[in-house]
Amino acid sequence: AQSVAQPEDQVNVAEGNPLTVKCTYSVSGNPYLFWYVQYPNRGLQFLLKYITGDNLVKGSYGFEAEFNKSQTSFHLKKPSALVSDSALYFCAVRDMSNQAGTALIFGKGTTLSVSS
Amino acid sequence: DVKVTQSSRYLVKRTGEKVFLECVQDMDHENMFWYRQDPGLGLRLIYFSYDVKMKEKGDIPEGYSVSREKKERFSLILESASTNQTSMYLCASSPQFGTGVVEQYFGPGTRLTVT
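Note that the protein sequences, when read in sequence, are chains E and C.
Quick note: the first sequence uses my numbering, first residue 1, plus one each step.
Quick note: the second sequence uses my numbering, first residue 1001, plus one each step.
Hints may contain errors.
No more than 27 Å apart at the CA atoms, straight line, and that leaves these computed lysine-lysine pairs for DSSO-like [what the hints assert, rightly or not]:
(1) Lys1057/C <-> Lys108/E
(2) Lys49/E <-> Lys22/E
(3) Lys1018/C <-> Lys49/E
(4) Lys22/E <-> Lys1018/C
(5) Lys1070/C <-> Lys1053/C
(6) Lys1003/C <-> Lys58/E
(7) Lys1071/C <-> Lys1018/C
The following residues of chain C were derived to be distant from chain E, with all beta-carbon distances above 10 Å [to be verified]:
(8) Val1012
(9) Asp1028
(10) Gly1040
These are computed hints drawn from the structure, not numbers from a lab.
For each residue, glycine too, the CB sits at the ideal point set by N, CA and C.
Whole structure, please, built from the sequences with the hints as guidance.
Quick look at the structure:
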């Protein structure tokens, strides 16, 4: 069965330090992977995606993610965290069981808290 | 920029009422989706549509129905609202597969409370 796991409910980091939000996946075939961010009382905003090519993907707001096929991971990273990065982050994978709809399977989310 | 709008940000309804949640997108996307978001459970797919009048059940369709009469509009219907349907509802859209754009674009969400 296809799935996405975000093993940490919360990640705490000091401003200026690097941050990592973890994601692992389980799909058949080549995965399409995504990261979204949600600020309080808002919808989800697309950050970045991996479809094919370079394993290091760069996205919005200085975020990047590293695709690791052998470890089936797609961790979100940022070299220097900002207080404004504090939000709820979701990892997602395309649902390969239904090509027509391109539905996504989401992880349960990780709350990132950046302290000043 | 893609814009996905939802008819209400906050909604309070009584048990047993019929509830309509409306979603409109302005990018001519073929695919539209309804999710519900609950703390600790992430986003769960209720229904999606890949064309006008076409719909497919997601993971949790029970208690819901949908309507897509026009390409830009996708409605979620709670036939008889119950308290366990209190949640945040998120609409999303995406172009059809093969365009090179595979990400979904989300609306701001509707926080529904059923009392």
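> Going through the earlier hints one by one, which of them does the structure break, listed in rising order?
Replying inline: Violated hints: 3, 4 and 10; rest satisfied.
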